[in-house]
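Protein chains: 2
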Amino acid sequence: MSRPQPLSGFPELLPRQRIVELQVVDHLRRAFELHGFANLQTRAVEPMDQLLRKGETSKEVYVLRRLQADDRDTSDAELGLHFDLTVPFARYVLENAGKLNFPFRRYQIQPVWRGERPQSGRYREFWQADIDIIDQGELPAHYEVEVALVVADALRDLPIPAVRMHVNNRKLSQGFYQGLGIADTEEALRIIDKLDKIGADAVAKLLIDTVDATPEQAEACLKLASISAADTSFVDEIRALGVTDPLLEEGLNELAAVVDAAAKAAPGFVVADMKIARGLDYYTGTVYEVFIEGQEHLGSICSGGRYDELASDGKHTYPGVGLSIGVSRLLVPLLQSGALDATREVPTCVLVALANDDDRAAATGLAQRLRGRGIPTQVSPSAAKFGKQIKFADKRGIPFVLFVNDEGTQIKDIRSGDQVTIDVDAWNPPAEDLHPTIVTA
Amino acid sequence: MSRPQPLSGFPELLPRQRIVELQVVDHLRRAFELHGFANLQTRAVEPMDQLLRKGETSKEVYVLRRLQADDRDTSDAELGLHFDLTVPFARYVLENAGKLNFPFRRYQIQPVWRGERPQSGRYREFWQADIDIIDQGELPAHYEVEVALVVADALRDLPIPAVRMHVNNRKLSQGFYQGLGIADTEEALRIIDKLDKIGADAVAKLLIDTVDATPEQAEACLKLASISAADTSFVDEIRALGVTDPLLEEGLNELAAVVDAAAKAAPGFVVADMKIARGLDYYTGTVYEVFIEGQEHLGSICSGGRYDELASDGKHTYPGVGLSIGVSRLLVPLLQSGALDATREVPTCVLVALANDDDRAAATGLAQRLRGRGIPTQVSPSAAKFGKQIKFADKRGIPFVLFVNDEGTQIKDIRSGDQVTIDVDAWNPPAEDLHPTIVTA
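Taken in order, these protein sequences are the chains called A and B. According to numbering that gives the first Met the number 0, the first sequence holds residues 0 to 440 in order. According to numbering that gives the first Met the number 0, the second sequence holds residues 0 to 440 in order.
Accuracy of the hints is not assured; some may be wrong.
Same chains, same names: a pair is fine if it fits in one copy or spans any two.
[What the hints assert, rightly or not] As a list, the in silico DSBU-like pairs of lysine-lysine whose alpha-carbon atoms are at most 30 Å apart:
hint, residue 1, residue 2
1, K98, K390
2, K411, K390
3, K411, K274
4, K387, K98
5, K222, K204
6, K411, K222
7, K384, K314
8, K411, K384
9, K394, K411
10, K411, K98
11, K263, K222
12, K314, K394
13, K314, K387
14, K98, K394
15, K387, K411
16, K384, K263
17, K193, K387
18, K193, K222
19, K98, K193
The set of hints was computed from the structure by calculation and includes no laboratory data.
Could you build all of it, start to finish, from the sequences and the hints given here?
The following block contains the structure:
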């Protein structure tokens, strides 16, 4: 077999990079669980009819076929790989509604697949970390505040560049367009969503051509989109535009509540930004996008919103609000550029050296005593020269080598060269050496 | 949308079941890392030519197709979902050999997919937890002992029925058949592998019909297969059969070393069992199967072996030894039968009750102080009657409800009804209540 080549769009990590990713994922898990979110794992596949309900993503689905599929086996519905974690979650909620307690809060950290052409920053397989709160019948608006604060907690203390959450509210934008007299407010939203990509002039032209806006209406839409504020001052700025509408009023109140609560609980994290639209039409309230500050052009690393109609079984509807962190999108570039690294490439803290190969059973016993107290330990592969065993540890970043000599059991910090006699059942490494940690360039 | 139905062969768990699974997986992770295994995650897909290298599994592969695949896009190799974690690992090692340090030890916990007909205990999507140690050129035999001890540690203290590892050695069996005068020793192994399924008479007949064994040779093969021992006494028993062969001798020594070391380090866990053959022909040394004691007929919940030729890039070969724990195969039946359950269905330890809806910001502040000290906390969905808020906690198994009244901040253990005034910044729940734990029926 010749040397295999990487598959474009399917990033894989080296062991030391994976240590970083795993620690970040553990940090997210911990944050979500501290807020009472239960973990779920849904299967990788969904029936194609579920996946194709949202037309715009259908082009990205990977369809599955059993290599030895049997034509007589009619039980096989056509299956595809999920392209997000929201569609599977909505299906899971409907399927298990009788066994779940609502409001139901869950997190899910899994890969998703999109069969699109790979390009920079886009992957065909990538990991997402989603949280959602879903209720039966009605979902109180305070959850739209809460999920923003959960994500603020989850992203805090991560070794990533400064990020900021931009929020808007669908009711606010659509109410404003409605108050202006634009009929197709959903299409207007989709056009405004393109502002960063195509610029103000092209957006104005599209509004005029597509939703029959007058030049004055188009200008008002652009004015609205230009408003942003880290506090509730945006409310007066929008009112000063002179448009009135009950839906706009509702949106203003809801967005003000989110911004106000976030400004108190997570100062500086949330900014109201009227150009945030979110392309997907199932959002009905607050919408969120998190950007790396100063790198907004790279796209969001986390996004979501409130949805009222995503899941319904005829008897009940299940409104919800959720956010999805793009784990791969956030981390893979930082790992590949070397901006993030781990202090070592193995969990091992201590290598037990061997004076001769007959000592392996005794060395294994010593290693097991350290493991029993939570210290990751492995035994040297062979009784090579001591210098070679030190080199084995050094290459992997293992900080300590333990060995037995005439003076007893000794441990050497191979970075400093310090060597001390220890009691195996009492010695502990410095806390920062017990496990690998993340270092930033 | 009507209520979706489960997909046969794709088991999904309810939140409380998932809590159990996640804790078991965390336990495995911790055990593997204590032994110095680094985590890897490989992509879900492999090129079809990689997946089809092992002919016997090809019928089980799920092939992928992009829904909107473009005929002009010739860059797309045909891809399939991996059916185990060994093939992707071998490919990963070859692809990244220049960036890895050998011997390389890694663990991998991921789903695999097999498009076979679903039947009891067989899934189309299921989770495996694999460990392997792989070297460049030569792999010392002591790793065949070590991986057995790692798995003993990993399975110890899990809330599962008693399990036992049955080990054999390919050299031992093949050397024995060779010494007997049977030419096609690999086919003889595959026939012996069927012993539990088809019985001794059918095996004898197959040996006679397929590999030209005499009735006496077939009887000797069955005698060998009947030998098992928890210590090295099997060596003399086999020698007493009067067959001699250098390969048999090698196998006897290697298996004795594994059994001897395991008997000392993990008494009672390992038994030498000469009928263990393992169907896959890439194994070349020790082979392992772990069974639930008394339920051997259900098949193994963990298996593996040593392989010498799985990965080679022409310049180097990469011999290895590994074991794969069938996480879904082990847990899903125990979860579905109710033999395993969690003490609650949410991570939440404390619910902060609301006296009225205006208190939400203050309640969120209290919750955040508890979270800051690692106590999973959520705020009540509404200022309903206190009894209703207690019921909200009770339904989910949340043990504590916190509330503020004239006497200060109080906490109620809703199981006992005990209610005490606390300092929010000092109170801690009993250690066993901080996180959900696993209960066995």
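Status of the hints after comparison with the structure:
With identical chains, the CA atoms of K98 and K390 are at most 30 Å apart between copies only, with a shortest distance of 16 Å across copies and 56 Å within one. Taking CA atoms no more than 30 Å apart as the test, K411 paired with K390 passes inside one copy only; the shortest distance there is 13 Å, against 57 Å between copies. With identical chains, the CA atoms of K411 and K274 are never at most 30 Å apart, being 59 Å at best within one copy and 46 Å at best between copies. For a Cα distance limit of 30 Å, the shortest separation of K387 from K98 across copies, 19 Å, qualifies, whereas the shortest one inside one copy, 59 Å, does not.
For the identical chains of this complex, K222 and K204 are intra-copy neighbours only, at 15 Å inside a copy versus 87 Å across copies, given an alpha-carbon limit of 30 Å. Taking the shortest alpha-carbon separations for K411 and K222, neither the intra-copy value of 66 Å nor the inter-copy value of 53 Å comes in at or below 30 Å. Proximity of K384 to K314 under the C-alpha cut-off of 30 Å is restricted to the inter-copy arrangement: shortest distance 27 Å between copies versus 74 Å within a copy. In this assembly of identical chains, the alpha carbons of K411 and K384 lie at most 30 Å apart only when taken from the same copy (15 Å versus 63 Å across copies).
Only within a single protomer do K394 and K411 lie at most 30 Å apart by alpha-carbon distance; the minimum there is 16 Å, versus 54 Å between protomers. For the identical chains of this complex, K411 and K98 are inter-copy neighbours only, at 27 Å across copies versus 56 Å inside a copy, given an alpha-carbon limit of 30 Å. Taking the shortest Cα distances, K263 and K222 sit within 30 Å of each other inside one copy (28 Å), while across copies they are farther apart (77 Å). In this assembly of identical chains, the alpha carbons of K314 and K394 lie at most 30 Å apart only when taken from different copies (23 Å versus 62 Å within one copy).
Proximity of K314 and K387 under a CA criterion of 30 Å is satisfied inter-copy only: 24 Å between copies versus 70 Å inside one chain copy. For the homomeric pair K98 and K394, the shortest alpha-carbon distance between copies (11 Å) is at most 30 Å, but the shortest distance inside one copy (51 Å) is not. For the identical chains of this complex, K387 and K411 are intra-copy neighbours only, at 14 Å inside a copy versus 60 Å across copies, given an alpha-carbon limit of 30 Å. Only between protomers do K384 and K263 lie at most 30 Å apart by alpha-carbon distance; the minimum there is 28 Å, versus 61 Å within a single protomer.
Proximity of K193 to K387 under the C-alpha cut-off of 30 Å is found in neither arrangement, the shortest distances being 60 Å within a copy and 46 Å between copies. Taking the shortest alpha-carbon separations for K193 and K222, only the intra-copy value of 15 Å comes in at or below 30 Å, while the best inter-copy value is 76 Å. Neither within a single protomer nor between protomers do K98 and K193 lie at most 30 Å apart by alpha-carbon distance, with minima of 41 Å and 42 Å respectively.
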